[in-house]
Amino acid sequence: MLRAAGVGVGDEVVVPAFGNVEVAQAVTLAGALPVFADIDPVTYCLDPEAVDAAVTSRTAAVVVVHRFGRRADIGRLHALGQRHGLLVLEQGESEAPYDEIAQRRQRAGYLDAKLRGVRTPDGGDGHTYQQYVVRVPGNGRPDRDAFARALRARGVECRVPVKTPVHRLPEFRRCVSLPETELAADETLALPVEAALTKREMHRIVSACNALGGLLQPAF
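For the sequence shown, the residue numbers in numbering that gives the first Met the number 0 are 0 to 219.
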C-alpha cells in the first residue's frame, strides 16, 4: 500500500513503536524511514497529538494500528492527515465471529468486576477484547514479570503482549521520548478471555490474580 501510494526514498512514515516490528519493516522495505510516535495509554494505539508532533516536511504517511480489540481515534487521525496532506493507512486485527465477541465481552465484564490490584482495560469504543490487557503497576521492581510468573505457577496462562518496543530493537533504535509506550511495555499483561473458558477457569483467573495483590502495593 505504501509503494502503491508512491511512498519511498526520502519519505518518513509515522508508526507506533508499541507492537509488531512488521509495520516498521514494511516502511523500510518501501524505502522510507519509520518515525515512532507515542501511544494513547487507554487504547494503546497512536496518540493523535503525538503523531502531530512527529510530523515534519518529509512525512508522507501515518500507519495506524488498532490494538487488542480497541480502535484508534481514527477520526482525529484522518483529520490530521488531511491537514498535513498525509496518507493515513490502517492495520486492523482479524476479528472473531460476532457470537464469540459477545462471549469475550461477557468474560471481560466478569473480570472487570472481580479483579483487584490490577488496572483493567477501558471497555469503551466497541472493545472486542481480542486480548484482555491489564496493567500491573511497577514500584521500582519488575512487578509485572513477577506477577506473570506467579500466575503461571498457579495454572493461569498469561502473556506479555509487547516485550520490546520497536524503538528499542537494534535495527530500529531511536533516541526518542515515548513515555507511554515505555510504560505500557513494562506494565501490560494479557489475561485469558477466550470464549471457550469455563466458569471454573474464569474463577481460577480471578482467584490467582487477587491472591497476588500484595505484589502491587505502592512503594512509600
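Among the hints, erroneous ones may be present.
Said to hold, decoys possible - Simulated DEER-style distance windows between Cβ atoms:
hint, residue 1, residue 2, range
1, Ala195, Arg148, 22 to 28 Å
2, Gly74, Arg151, 35 to 41 Å
3, Thr27, Cys174, 39 to 45 Å
4, Asp98, Leu28, 34 to 40 Å
5, Ser206, Arg57, 40 to 46 Å
6, Tyr97, Arg151, 27 to 33 Å
7, Gln105, Pro40, 38 to 44 Å
8, Cys174, Lys198, 45 to 51 Å
9, Asp124, Met0, 22 to 28 Å
10, Gly30, His83, 38 to 44 Å
11, Gln105, Gln81, 19 to 25 Å
12, Thr27, Arg115, 29 to 35 Å
13, Arg148, Leu32, 37 to 43 Å
14, Glu94, Lys198, 23 to 29 Å
Treat the hints as calculated values from the structure; they're not laboratory data. All C-beta atoms, glycine included, are put in the ideal place defined by N, C-alpha and C.
So, going through the hints one by one against the coordinates:
1. At about 24 Å, the beta-carbon gap between Ala195 and Arg148 stays in the expected band of 22 to 28 Å.
2. Distance hint check: the CB atoms of Gly74 and Arg151 are about 40 Å apart, consistent with the given range 35 to 41 Å.
3. The hinted range of 39 to 45 Å is not satisfied by Thr27 and Cys174, whose Cβ atoms lie roughly 18 Å apart.
4. At roughly 38 Å, the beta carbons of Asp98 and Leu28 sit within the given window of 34 to 40 Å.
5. Judged by the Cβ atoms, the range 40 to 46 Å given for Ser206 and Arg57 is violated: they are separated by roughly 53 Å.
6. Between Tyr97 and Arg151 the beta carbon distance is about 32 Å. The supplied range of 27 to 33 Å therefore holds.
7. Against the hinted window of 38 to 44 Å, the Cβ-Cβ separation of Gln105 and Pro40 comes to about 25 Å, which falls outside the hint.
8. One distance hint, 45 to 51 Å for the beta-carbon pair Cys174 and Lys198, holds here, with the actual separation near 49 Å.
9. The hinted window of 22 to 28 Å between Asp124 and Met0 holds, with their beta carbons roughly 24 Å apart.
10. For the hinted restraint 38 to 44 Å between Gly30 and His83, the CB-CB distance of approximately 21 Å leaves it violated.
11. For Gln105 paired with Gln81, a C-beta distance near 39 Å fails the hint of 19 to 25 Å.
12. Our hint of 29 to 35 Å for Thr27 and Arg115 is violated, since their Cβ atoms are close to 44 Å apart.
13. A hinted range of 37 to 43 Å holds for the C-beta pair Arg148 and Leu32, which are about 38 Å apart.
14. For the pair Glu94 and Lys198, the beta carbons lie near 25 Å from each other, so the given range of 23 to 29 Å is met.
Checked against the numbered hints given earlier, the structure breaks hints 3, 5, 7, 10, 11, 12 and satisfies all the rest.
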